[in-house]
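Colleague: Between the sequences and the hints, there should be enough to build the whole structure, so can you do that?
Number of protein chains: 2
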Amino acid sequence: MRIAIIGFGAVGQGLARVLADTGFTVTAVADSRSACINKDGLDLPEVLARKEESGLCGSAGIGIADILSSGAFDILVEVSPTNAETGEPALSTIRSALAMGKHVVTSNKGPIACAYHELKALADINGVMLGYEATVAGAVPIVSGLRHGLAGNTVRSLHGILNGTCNYILTRMRDEGLTYPQALQEARDLGYAEADPTYDVKGIDAAIKLVILANTLLGMDIRLSDVDITGIDSITLEALSLAESEGATIRLIGEILPERNQVRVSPRVIPLDHPLVVDGTLNAISVCCDLAGPVTFIGKGAGPYPTASAILADLNFIRDSYDRGA
Amino acid sequence: MRIAIIGFGAVGQGLARVLADTGFTVTAVADSRSACINKDGLDLPEVLARKEESGLCGSAGIGIADILSSGAFDILVEVSPTNAETGEPALSTIRSALAMGKHVVTSNKGPIACAYHELKALADINGVMLGYEATVAGAVPIVSGLRHGLAGNTVRSLHGILNGTCNYILTRMRDEGLTYPQALQEARDLGYAEADPTYDVKGIDAAIKLVILANTLLGMDIRLSDVDITGIDSITLEALSLAESEGATIRLIGEILPERNQVRVSPRVIPLDHPLVVDGTLNAISVCCDLAGPVTFIGKGAGPYPTASAILADLNFIRDSYDRGA
Chain A
1449 MRIAIIGFGA VGQGLARVLA DTGFTVTAVA DSRSACINKD GLDLPEVLAR KEESGLCGSA
1509 GIGIADILSS GAFDILVEVS PTNAETGEPA LSTIRSALAM GKHVVTSNKG PIACAYHELK
1569 ALADINGVML GYEATVAGAV PIVSGLRHGL AGNTVRSLHG ILNGTCNYIL TRMRDEGLTY
1629 PQALQEARDL GYAEADPTYD VKGIDAAIKL VILANTLLGM DIRLSDVDIT GIDSITLEAL
1689 SLAESEGATI RLIGEILPER NQVRVSPRVI PLDHPLVVDG TLNAISVCCD LAGPVTFIGK
1749 GAGPYPTASA ILADLNFIRD SYDRGA
Chain B
1449 MRIAIIGFGA VGQGLARVLA DTGFTVTAVA DSRSACINKD GLDLPEVLAR KEESGLCGSA
1509 GIGIADILSS GAFDILVEVS PTNAETGEPA LSTIRSALAM GKHVVTSNKG PIACAYHELK
1569 ALADINGVML GYEATVAGAV PIVSGLRHGL AGNTVRSLHG ILNGTCNYIL TRMRDEGLTY
1629 PQALQEARDL GYAEADPTYD VKGIDAAIKL VILANTLLGM DIRLSDVDIT GIDSITLEAL
1689 SLAESEGATI RLIGEILPER NQVRVSPRVI PLDHPLVVDG TLNAISVCCD LAGPVTFIGK
1749 GAGPYPTASA ILADLNFIRD SYDRGA
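Protein sequences appear in the order of chains A and B.
In the numbering used here, each residue carries its 1-based index in the first sequence increased by 1448.
In the numbering used here, each residue carries its 1-based index in the second sequence increased by 1448.
No lab work stands behind these hints, which were simulated from the structure alone.
There could be a bad hint or two in this list.
Derived EDC-like pairs: lysine to aspartate or glutamate, alpha-carbon spacing no greater than 20 Å straight-line [what the hints assert, rightly or not]:
#1 A:Lys1568 <-> B:Asp1771
#2 A:Lys1568 <-> B:Asp1768
#3 B:Lys1568 <-> A:Asp1768
#4 A:Lys1650 <-> A:Asp1674
#5 B:Lys1568 <-> A:Asp1771
#6 B:Lys1650 <-> B:Glu1634
#7 B:Lys1650 <-> B:Asp1681
As the structure is a prediction and not an experimental result, all values here were calculated from the model.
Modeller: Structural data, given as structure tokens:
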């Protein structure tokens, strides 16, 4: 199957590196300022080298519109940066591709959080698939886990560590006695936190992931503004010590209670032997199901290769489904 | 879709109870001494009540052969007890169903451990699917996780707690200072261990599950006799205390190293904060993948409803695949 990659930062480039031996052919790549198209398949090492040298993946004269109008792809992979407010410009790109009868796979949280029900309906009408495993918890196969592995269950509750930056900061505060500003600076130095960490430490990133899980897998229809959000930026070492004296610690927990239509992100005291107490930048999600009981998934929540793992899972699922149908 | 249930013990009865509102129609049920068939769908509450009262699900005059020859089902669900040596009689039943072009879903470890490659080839030739999520780790969606959620990854290693009885015994020895015989007796009293616990405590049950994972998902072709097995029956409180003094404990760990073609089950010392240190009868599996990194799955390894959860996942996957293909 032929793939167009929209967005060529760390995730897009990581994906291009791992697609080499998979039988998928990349026919188009776009970054924010350029694009390249070859209906017979691009020379990916050459595209990666050009990006490395010039900052552009292709020619500045062409862009996403040219890739769409070429039609030279079966699956559009949208991996540009997230805009959580409007989902744009990714949302429009994804809409166009689905309307053309092309499958879409994305790691972009914006369009899925803002417009999943509309996009899913558009995909269904056009007989194509919409994969978004990479939007939540990186390599952790939570979307496939809930959709396939636990199909037939009713999820009573979901609790998760969905932001690796916050979990890293809280882990370091507990393990090394760093203050919040010290741990945040360390996370910045290691590249785990952005220069402006608001999005992570205020709990907004975790909340967007909860919106995606709630709307796409738990039968809900909520917006980011429906989530009750408290961040980690006022957690003190004293609060952590108090938790520790009770055999517990503090972590930023996302929670969905579908039956109460309740979704929130907040620092919570949890026992040290709880499966959600994971170290460093790991993510973890526990669901409580009517038949299966409690099921926990733990893994890397971010990074080019973990994200590529989730994208590849969606790509393989689309290929396998159509192989079976054909 | 129409379902025939072969085997009507705790798992078969649990499944019959949860299938009520799922859109699947049960047209046949067999236990070891009787069967019932209704091409328009059985009255499941009636069948369950008859089994409860008489020990038989149907008429003693008919059996599995009659169900097969009726052809009145789309999916055969084989949930009879495991025979690990030959896989029989389930293996023959599954072979017949696949050869008839019927899908098969099973919780029976025997046929999958003994003959997966043969059965998968037979399913492929006949254009049908073979689901076996329920054979390993109960409700934990490890088969779907490796096949779909982590598709495209190479698994470097797999480590797991795959026998809830052993994990319960070791948990109780650690937490309460019970000796091995005391903890085993408690597990028997609670129904977690059989009167003859050999199969569990000698590590054989865990080894069979490793054979299934190795052969069906990790590209290997091994037999039970290829697994290096040590059980938990000679673990002492002194050994546990020694581990504890190092911040660790002892658990029965199954291990697969695909690149070394190495599969073993043995008691291992692991740090108390390791994700595989789960309590009581829980199961846990960690895989180390080239792209995703380490991914851990934790959940209930046994019980009628956790097993029904895994069977339902396979049933839904078959239905969804054919809906997409149609």
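Colleague: A separate judgement is required for each hint: does it hold in the structure or not?
Modeller: Verification of the supplied hints:
{"no.": "1", "hint": "A:Lys1568 <-> B:Asp1771", "in the structure": "16 Å, holds"}
{"no.": "2", "hint": "A:Lys1568 <-> B:Asp1768", "in the structure": "16 Å, holds"}
{"no.": "3", "hint": "B:Lys1568 <-> A:Asp1768", "in the structure": "16 Å, holds"}
{"no.": "4", "hint": "A:Lys1650 <-> A:Asp1674", "in the structure": "15 Å, holds"}
{"no.": "5", "hint": "B:Lys1568 <-> A:Asp1771", "in the structure": "16 Å, holds"}
{"no.": "6", "hint": "B:Lys1650 <-> B:Glu1634", "in the structure": "17 Å, holds"}
{"no.": "7", "hint": "B:Lys1650 <-> B:Asp1681", "in the structure": "7 Å, holds"}
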